[in-house]
Structure formats: C-alpha cells, structure tokens
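Residue numbering for the sequence shown follows this note's numbering, starting at 36 and increasing by one per position.
In short, the hints are calculated from the structure, not lab data. We put the beta carbon where it would ideally sit given N, CA and C, even for glycine. Each hint should be verified, as a subset may be incorrect.
What the hints assert, rightly or not - Pair ranges (Cβ atoms, derived): (1) Pro418 to Ala99: 55 to 65 Å; (2) Ile104 to Met207: 44 to 54 Å; (3) Glu106 to Glu202: 41 to 51 Å; (4) Lys103 to Ala340: 20 to 30 Å.
As the list claims (entries may be wrong) - Computed cross-link-like contacts, DSS-like style, restricted to lysine-lysine with a CA-CA straight-line distance of at most 30 Å: (5) Lys290 to Lys415; (6) Lys272 to Lys141; (7) Lys362 to Lys415; (8) Lys285 to Lys141; (9) Lys289 to Lys272; (10) Lys83 to Lys103; (11) Lys66 to Lys103; (12) Lys289 to Lys415; (13) Lys66 to Lys83; (14) Lys415 to Lys141; (15) Lys415 to Lys285; (16) Lys359 to Lys141; (17) Lys289 to Lys141; (18) Lys272 to Lys285; (19) Lys66 to Lys327; (20) Lys415 to Lys359; (21) Lys327 to Lys103.
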Amino acid sequence: MPQCVIGNIKIHIEVPLVLIFFAFIVSDSVKTNLIIFRTCYVTLGYNKSECALLGSKHTDNSTANLEKIVEPYAALVNMVGLLVDGCISAVTCLVIGPWSDRFGRKPILIIPVFGFIVTYLLLALFAVLENLSPWYILLCSIPILVTGGVSSYLTVLLCYITDVTNENNRGMRMGVFEALLSLGIFLGNVSSSYIFAATNYSTVFLLSSACCLLNLLFTMFFIPESITSPESEGRLKGLFQFDNVTDLVKTTFKKRRNYDRCVVLSCVLMLTLFILVINGDGALVFLFLREKFHWSLEQYTLFSAAHNVTWVLGTAVGIYLLHKLLKIPETVMIVIGFISMFIGALVMGLAIYSWQVYAAAFSRALGGVLSPMVRSLVSKIVPNDEIGKVFALIVATESLIGMGGSPIFTAIYNTTISTDAGIFNFVAAGVYVVEILIAIGIILVRNVTTSTTENYSQIVNENDNEERSTVDVSSLS
36 MPQCVIGNIK IHIEVPLVLI FFAFIVSDSV KTNLIIFRTC YVTLGYNKSE CALLGSKHTD
96 NSTANLEKIV EPYAALVNMV GLLVDGCISA VTCLVIGPWS DRFGRKPILI IPVFGFIVTY
156 LLLALFAVLE NLSPWYILLC SIPILVTGGV SSYLTVLLCY ITDVTNENNR GMRMGVFEAL
216 LSLGIFLGNV SSSYIFAATN YSTVFLLSSA CCLLNLLFTM FFIPESITSP ESEGRLKGLF
276 QFDNVTDLVK TTFKKRRNYD RCVVLSCVLM LTLFILVING DGALVFLFLR EKFHWSLEQY
336 TLFSAAHNVT WVLGTAVGIY LLHKLLKIPE TVMIVIGFIS MFIGALVMGL AIYSWQVYAA
396 AFSRALGGVL SPMVRSLVSK IVPNDEIGKV FALIVATESL IGMGGSPIFT AIYNTTISTD
456 AGIFNFVAAG VYVVEILIAI GIILVRNVTT STTENYSQIV NENDNEERST VDVSSLS
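Please construct the entire structure, taking both the sequences and the accompanying hints into account.
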C-alpha cells in the first residue's frame, strides 16, 4: 500500500484532509459576516460603526431592525456565490473524476489547492480594500473554479483511499476519512469566532491560506501517487474531451453482474437524498431552536459543538466496533445509520424541552457511518479503473441536488411555522424511512444473488466431480 513513513509514524492522506477542511470552515462564517458588513455600509450606505454591530453581542432594537434590512441583500450575494460555485464545481467534477482514472490522482490533490491558496489571498486583499462592493467577493472564487473546486478535490480523495486499500480495510479507512473530515469541520467551527474576535478579516483569510499551503507541501512531499502506471501523454487534452462525461454516464449505468447496477444506482440515490435532507434541515436548526426554545447564539454554538463531537465519536465507534470488530457488513451498517438518523429527526420534532434536543443529537450519532459505508460498498462493486467515474457522478449529484435542500425545507418551514415550527423534522424522518427501505432492498438483492451464485458454483463443482469420476472409471475399465 503506498504510504510514507517518518520515523515510526505512518503518513496518510487524512492529514491534509483535516488541514483543508479546517481552512474552509474557519473562514466560512467570517466570509459571510464580511458580506453582511460590506452590504450594510457600501451597498446600502449605512454608518460603518452601526454596521460593525451586526452579528455581535452588543445589539439593540435599532441594530435588530438594521439586520432585517441588510440580511436579504447579503443573502442574495451569498446565494449567487454558492450557486455559481456549486454548479461549476459539479460540472468540473464530472471531467476530473474520469481524468484521474487515467492520468493519476496526485495532480488533482495538488492543483485545486493552488486555487484555494490564491482565493484566500484574494479574500484577504478584498478585506483590506474597504470600499469595494460585496459583489466583488464573488471574483475571489475564480481561482478555485478554474482549478477544479472542492467537489473535484473530494472526489479524488475518495478515489485515492479506494486505490490504497483492499476490501478488508476499506470500510475502516472510509470511516476514518469521515471522522477526520468532521473533526476538521468541528475545529473550524469552534475556533472561528475566537480567532476573528482576536484578529480581523484579513488575518482569518491568511490563516486559511496558510493551512492550504501546509496541505500543498504535505501532499507534494509525503503523499505518493496511488495509480500504478498513470498515462503521461495527452493530459491537457484529456481535460477537454467530452467523451469523459459520456463515458462516466455509461460506466455508472452499464449492466453489471448479479444486479450490481441496481445496487450502485441505489447507493447514488441514497447518498443524494441524504445530502438533500442534511443540507435542508441543517440550514433550519438554529431558526427552529430560536423559535421554539428561544435559544441564543451562544446556546446554539454549544449545542452545535456537542453535536459535532457526538457525530465524530459515533462514526469512530460505529466503524471500529460494529464494522471492523463485529464484522457487520456495509449494507447492515447503512440500515443502522438511517435508523439512527430517523430516530434523531423524530426526537427533534417531538422535543418540548432543551435536553431533548441534545438527546436528538445523541440519537443521530451513528449517522456518521452512512457516507463511508455507502462509498465502501460502491468501491467493492466497481473496479478500480472505473471508481473515479462513479465517485465523480456521486459527488456531482450530491452537490447539485444538495443545493435544493435548503430552499425546499425553508419553504416547508415558512409554511408550517405558525402551526408547528418542527414539522420539517418529520419530513426528514419520512425521507429516512424511504432510505431504510432502499437499504433493506439492497440487502435482499445481495442475499439472493449471493445464494444464487453459491448454488451455481456448487452445481458446477458437482458436475466437474462427476465428470472426473466418469473419466477415472473409464480409465480403469
């Protein structure tokens, strides 16, 4: 298995993973706050000192009223940025995935990181130029978009793990990947407000750029190429071949033995619905808790941190104890994960006390096994030389359809807020029931095909033995 060793320490791809996702999250809320700040005093022309109070603890009625005026404009800038980034990254991902199957994973682990570094440097410069319109912040994302984006980077990370693992340890490594990704997000969430309070906008963006630079250096010097013999000719031309996309679709939908095509497509559907719901109800949790329980931002931040810790621990325990030690297969783990998410959504929707909100977060702990187990299952069905295409389609589909989760669930929330602000949780629970049924269907299909294959092999072996016996008798006579 390709890896680097420094002393007695094994170096893995998960180290740069934590760095890059910490960089994303630590600056994400700061970027949103900067958009609100610039919209307030540049676009709408309010006093800068008044605008500086937005999002702070020092608020009064006038600041609350100003926030209601500014936020719709800032939300528009933010939404346009998310839509442009999401759509272009998803399309790029469809090209990059198949490309990496032929020309190697490491270039795509390096090139997008250059884009991340330049983008954060541009954001730091934008923060210094105080009179620029908030719309200019969208231009800072151009380096990320032209170098592949987050979707392409994530796709190739998953492909890399598939390359350097076997069927016995792949589920475990996918689980470690998910847990450390969540750890990077958790560290970014927890530290972001403190770092910003102690510094300023530019410093936070420079910190993210520095983390990306460490990621880049680590990858260049310590992460080996995982493709044994990557092609070297036609690399640039390969990026502009439309055949990559058509081949990707054909590979994903092509007929496979033992109903494996049905299993792969079911996995794509499960992950897409999962991301749709996670993005949808995740955007409403704070609004729901503020409406029903009158929580402050500090109370929500504490809950969010507890939820992230529970998610990481649940993922680690689920993968290591249930999957690795107790040998529970991926398909059963997927059912367990969706049951966990279903119970969590149900408890959240029925909660009438604050402690029950924490109980809901605890109930969802095993939901962290879902992504690694589904991806591990797919990687065991699809050959390594095709896995980049399938993972690219999965990530692109998650990215595109996942963007629809927030407006769909927001519409449900706004329609039902006067009746029961928590109804969207029951909608999420209903989707998880559908996911459980799909997962059970996969178990049944795989059990039937496995038993059929075993019976066929047994019949073939019996026929071979009969033929040998006949030959032996003939030779004796």
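> Between Lys415 and Lys359, is the straight-line Cα distance small enough, at 30 Å or below?
Replying inline: It holds: about 16 Å lies between the C-alpha atoms, which stays within 30 Å.
> Are Lys415 and Lys141 close enough, with their CA atoms no more than 30 Å apart?
Replying inline: holds, 22 Å
>> Check the hint pairing Lys327 with Lys103 against an upper bound of 30 Å on the C-alpha distance.
In response: holds, 20 Å
>> Holds or violated: Lys272 and Lys141, Cα atoms, limit 30 Å.
In response: holds, 18 Å
> Are the Cα atoms of Lys272 and Lys285 separated by 30 Å or less?
Replying inline: holds, 21 Å
> When you check the alpha-carbon spacing of Lys289 and Lys141, does it fall within 30 Å?
Replying inline: holds, 28 Å
> Does Lys141 lie within 30 Å of Lys359 when you go C-alpha to C-alpha?
Replying inline: holds, 29 Å
>> Next pair to validate is Lys83 with Lys103; report whether the Cα-Cα distance is within 30 Å.
In response: Given that 30 Å is the threshold and the Cα spacing comes to 17 Å, the pair holds.
>> Hinted pair, alpha-carbon criterion (30 Å max): Lys66, Lys103. Please report holds or violated.
In response: Distance of about 19 Å is within 30 Å: holds.
>> Holds or violated: the 55 to 65 Å window for the beta-carbon distance between Pro418 and Ala99?
In response: holds, 58 Å
> Per the hint of 44 to 54 Å, is the separation of the Cβ atoms of Ile104 and Met207 within bounds?
Replying inline: holds, 51 Å
> Taking only the CA atoms, is the gap from Lys285 to Lys141 under or equal to 30 Å?
Replying inline: holds, 25 Å
Checked against the numbered hints given earlier, the structure satisfies every one of them.
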